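Each residue of the sequence shown is one higher than the last, beginning at 121 in my numbering.
A portion of the hints provided could be inaccurate.
Dumping the calculated DSSO-like pairs for lysine-lysine here, alpha-carbon to alpha-carbon at most 27 Å [as the list claims (entries may be wrong)]:
| no. | residue 1 | residue 2 |
| --- | --- | --- |
| 1 | Lys252 | Lys141 |
| 2 | Lys159 | Lys217 |
| 3 | Lys252 | Lys178 |
| 4 | Lys252 | Lys159 |
| 5 | Lys141 | Lys253 |
Cβ pair distances, simulated, as ranges [claimed, not checked]:
| no. | residue 1 | residue 2 | range |
| --- | --- | --- | --- |
| 6 | Trp210 | Asn185 | 37 to 43 Å |
| 7 | Leu154 | Leu207 | 25 to 31 Å |
| 8 | Leu173 | Glu214 | 48 to 54 Å |
Simulated from the structure, these hints should not be mistaken for lab results. Note that the structure is a prediction, hence the values are computed from the model and not measured. Each residue gets a CB set at the ideal place from its N, CA and C atoms; glycine is no exception.
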Amino acid sequence: MLLIGTSSARAGSFYDLCLAKELSISAVALSMQLWGQHKLTQQEPADLSAVKLLPWDKPFAGTSNGTADLFSDLLLLTGLTPGYLALKTWERGESSKAITQIVMLSELLLLNSGLNLWVRSHSFWPRPYVWKKENNFRPQNEAYGSFYSGHAAGAFATAVFTATWYARE
121 MLLIGTSSAR
131 AGSFYDLCLA
141 KELSISAVAL
151 SMQLWGQHKL
161 TQQEPADLSA
171 VKLLPWDKPF
181 AGTSNGTADL
191 FSDLLLLTGL
201 TPGYLALKTW
211 ERGESSKAIT
221 QIVMLSELLL
231 LNSGLNLWVR
241 SHSFWPRPYV
251 WKKENNFRPQ
261 NEAYGSFYSG
271 HAAGAFATAV
281 FTATWYARE
């Protein structure tokens with residue numbers, strides 16, 4: 121979304137890549153991603169006895185739904201749509217446009233991931249399923265970060281990017 125707003129588009133043409141701008145955006149996005157990932161992996165799991173669950177989380181404490189989790193993961197595949205559309209653009213002989221789309225989409229997804237990790241690593245609020253009582257169940261450290269939906273944010277960012285890109289064609 122940030123990329124769409126900061127892209128330079130000439131009248132009647134498509135977005136243009138600018139090496140300095142693309143490197144700057146990519147460096148910022150990669151830095152956010154690496155820093156957030158580092159912070160999440162270095163934190164100690166929360167002391168669950170000290171956490172007071174919100175009223176809407178209490179009924180779900182200690183539960184997880186494998187089917188819903190799988191469905192959520194499968195929905196991530198819709199994020200491949202812009203890549204597929206870029207491939208079709210390439211096949212039509214518009215390689216420059218396809219490369220621009222892939223570069224901008226990659227930057228967007230990296231920024232989205234970086235923002236997701238940054239938010240989750242700043243506010244530690246365990247997800248309800250970390251209270252699950254099963255043998256050897258130990259969620260990853262990131263489960264103790266604040267519940268910021270990376271799937272929803274990624275889906276929204278990809279949808280807005282795709283809609284905006286093709287609306288300007």
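- Against the earlier hints, flag every one the structure doesn't satisfy and list their numbers going up. 1, 2, 5
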